[in-house]
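From first to last, the protein sequence lines stand for chains D and S.
With our numbering applied, the first sequence corresponds to residues 1 to 141, in that order.
With our numbering applied, the second sequence corresponds to residues 1001 to 1291, in that order.
Any given hint might turn out to be false.
Claimed, not checked - Restraint ranges, calculated between C-beta atoms of paired labels, are given here:
{"id": "1", "chain 1": "D", "residue 1": "Glu-102", "chain 2": "S", "residue 2": "Tyr-1053", "range": "29 to 37 Å"}
{"id": "2", "chain 1": "D", "residue 1": "Glu-133", "chain 2": "S", "residue 2": "Arg-1226", "range": "27 to 35 Å"}
{"id": "3", "chain 1": "S", "residue 1": "Ala-1010", "chain 2": "D", "residue 2": "Leu-122", "range": "55 to 63 Å"}
{"id": "4", "chain 1": "D", "residue 1": "Ser-3", "chain 2": "S", "residue 2": "Ala-1266", "range": "30 to 38 Å"}
{"id": "5", "chain 1": "D", "residue 1": "Val-113", "chain 2": "S", "residue 2": "Pro-1065", "range": "33 to 41 Å"}
{"id": "6", "chain 1": "S", "residue 1": "Leu-1217", "chain 2": "D", "residue 2": "Arg-99", "range": "37 to 45 Å"}
{"id": "7", "chain 1": "D", "residue 1": "Ser-3", "chain 2": "S", "residue 2": "Leu-1200", "range": "51 to 59 Å"}
Stated by the list, open to error - Derived coverage of chain D by chain S (criterion: at least 3 residues anywhere in the stretch with Cβ under 8 Å from a Cβ of chain S; other residues may be distant):
{"id": "8", "stretch": "4-11"}
{"id": "9", "stretch": "35-46"}
{"id": "10", "stretch": "75-84"}
In short, the hints are calculated from the structure, not lab data.
A virtual CB, placed ideally from N, CA and C, is assigned to each residue, including glycine.
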Amino acid sequence: MLSTVGRRVRLALTALVAVLAVSGTLYGQDDHFPFAPFRMFATRTAPDGPVRVVELRGRTAGAAAEGTLSMASFGLRRAELEGQLGRLRSPGMLGELVRAREALRDELPRVDVLRLVEVEYLLDDGRQVGRRETTVAEWRR
Amino acid sequence: MAPVSWLFAAQPRARVAALRTVAYLFVPVDVLLTTAWVADHADVPGTLYQPLYVGRLLDLPAPGPVSVRVAMVLLVVAAAVAATGRSPRLLGGAVAVLYAWWMVVAMSYGKVDHDRFAFLVLLAVLPTAGPARPGDRTADEASGWVLRCVQLAVVATYLLAAVAKFRFGGLEWATGATLSRAILRRGSFLADPLLDVPWLLVAMQWGIIAFELLSPLLLVGGRVTRWFVLFLFAFHLASFAGIGIIFLPHLVALLAFLPLERVAPAVARAVRDRAGWANWSIRGIRLRSGS
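Isolated chain S, as found in the complex (with noise of 0.2 Å):
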């Protein structure tokens, strides 16, 4: 069946490697530094604890100052430890429990962000590849797995945006003003003055539909996902210029369409060449002062 084998097509163990290491890398980062707020949760009032559906169904205890700052340490050393590569299926699985209760945390006051799925898939199917090392060329169905999930789960992001602006926006989303009220309520010195042109802005909601609709072409591979991707990354960094929203997570799963293998050798080769260059020069300067 072609769907399936194309599921399954075997990647090279290598890149689940270098996704695994941005990943678990990035958990810290995310945790400490770029969505902090979720700590503060803690210290909110119990009554604006609105659990979400999974968090009842599960009978979740509300966070409290004990619980909060407990998970945000085991969160980060497992994470932390992750990086390595040690344990995957052990480390890694404790990393995906605890940053799926983390975002309970997250998103459990009021309002639900969208940028977590992939980033959420790709803590939830790492695991799964178990042991995969940096230098690994050999290609294998459970890394192609790893990384098709991933990269359907992107895809999905933005196709199930467009489908929730018809549900929500009504088919006339594009013809709004949701971009005005995006400025008005969080733009910046580079967005405001795009207030005074609304029809740009009506264009700019167009090419969003149109872009979210063709997501799906991520999946083509060769140029054309390289464009896109580099394409959503320019999207994602000007939306960030603008109103200060980026999706960072997100934009960690979106790496699942590169061949991350190949950064690290060449990487390495970067620096033995700069470490030559440099030998050379310093032998280059005992010459001269030897002379």
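The following block holds chain D by itself, in its conformation from the complex (with noise of 0.2 Å):
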């Protein structure tokens, strides 16, 4: 048996993370982690509007060709860097993220060229009817 006062802390302590959960569903944003809005996937896509994907492509020492680099050798995941698309539009931040690769993975081709693509695929009643890419922003060693 819980004593009285156990009972109540307890119960003030399920309805206090009862109402932070609920309220920030409501009205709270991703920032209140961990009483943030459970948002995966909850944006609508419209079914004749663009999906935009980021990535980045670079070439590397010694590769003929520019290719698709994986995120995570940068140390971040794709929807963080969609996330930050604002800041990292700044050739000096894609530097640092080279950087950043260097510390993380040694052992990877050094990075020359840099550049952060976004595509969009083209929806036409949820059918992809296209594809177009953007340079956002490029860095060169």
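Hints given; two lone chains; assemble the complex.
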């Protein structure tokens, strides 16, 4: 049996967390994690709108052509890059990412050119009908 | 008051003991293997650090190469020792605090996940149960509250995910192309063919909204709960196969709905029976070779 105090404290904590979780979902933002809204895949993609995907392309030492580089090698996840696209528009920021990659994965070939690319898949009634690419920022060693 | 006694309905201590073992053993797996990207934030430029509200409130320092690595070692060691059931309050408390900071490191770089809520609740409430041994079938209120909290957090994750869809995606969320977007971004050979069948993806979106809204049925108990849990495991595995996303910490919390205390004895029985069978066959061989 729990003591009266033990019960009351637990009851109060339960109520507090419940209130925080519900109000976080109704009024909060990502910033309020762990009481942020549970918003993975919560935004609606228009069936006739574009789907945007960010990629990092680059030319590494010894490579003949440019290729897609894994986001993980830069210590970030794609959604994190997309969440901070504004800051990453400056080439200097891309240079910092390259340095992060060198600190994190020094066994990987050196990056000489890095491009942040936004790929747009065009949808029509939920079906993919086209694709276009824009370079958001570019950095050269 | 009925809802209060429901919240404290006694449950076997052995169930908490089993859940505790799984949860603390999962922590090193999570930190070192399945979400190893968190540690990579140690080397990300400080300018990309966007502290969460809780980080600013508590004035937490920006994660750096040293602090992240020290926290990682402490967390893994504390969890491994806590998994043995030793000092459940002290070590459990340490794991809860360290893991909470680990999550601040994880979510402070522009993307917040929502597969952690129930697991965070689990880590936070586990220490309150105190000592609980695997074979202890005694039911008490402290264990009951721990399990109920985790169950409520699991239900909240689904139910509030539906609410978030209405808030951010609108009531017409289900008629959109959100799953098409998910597959375009992170598809696989299993999911990609679905892009050609948009109506099926819309049907799946209706299905998702439906089961999220029905998630309180998890609390009904008995067969309803068991089938619902089974369905949820299947759903999360299918998502993993299709778009490579799996809510592993959430799945650990989902175990709070199951009679976990029956698993260890069943495994022990199976091992014993197998051992018995092995002895029997060894004896049999001996008999044969002796004849």
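Quick rundown of the hints versus the structure:
For Glu-102 (chain D) and Tyr-1053 (chain S), the Cβ-Cβ distance of about 32 Å falls inside the hinted range of 29 to 37 Å, so the restraint holds. Here the CB-CB span from Glu-133 (chain D) to Arg-1226 (chain S) is close to 49 Å, at odds with the stated 27 to 35 Å. At about 58 Å, the beta-carbon gap between Ala-1010 (chain S) and Leu-122 (chain D) stays in the expected band of 55 to 63 Å. The given range of 30 to 38 Å is respected by Ser-3 (chain D) and Ala-1266 (chain S), whose C-beta atoms sit roughly 35 Å from each other.
In this structure, Val-113 (chain D) and Pro-1065 (chain S) break the distance hint of 33 to 41 Å, their C-beta atoms being roughly 27 Å apart. Taken as a hint, the range 37 to 45 Å is violated for the pair Leu-1217 (chain S) and Arg-99 (chain D), whose Cβ atoms sit roughly 51 Å apart. Checked against the hint of 51 to 59 Å, the C-beta distance between Ser-3 (chain D) and Leu-1200 (chain S) comes to roughly 55 Å, which is consistent with it. For the stretch 4-11 of chain D, the assignment as covered by chain S holds, since 4 residues bring a beta-carbon within under 8 Å of that chain's beta-carbons and 3 suffice.
By the rule of at least three residues with a Cβ nearer than 8 Å to a Cβ of chain S, the coverage given for the stretch 35-46 of chain D holds, with 11 such residues. By the rule of at least three residues with a Cβ nearer than 8 Å to a Cβ of chain S, the coverage given for the stretch 75-84 of chain D holds, with 10 such residues.
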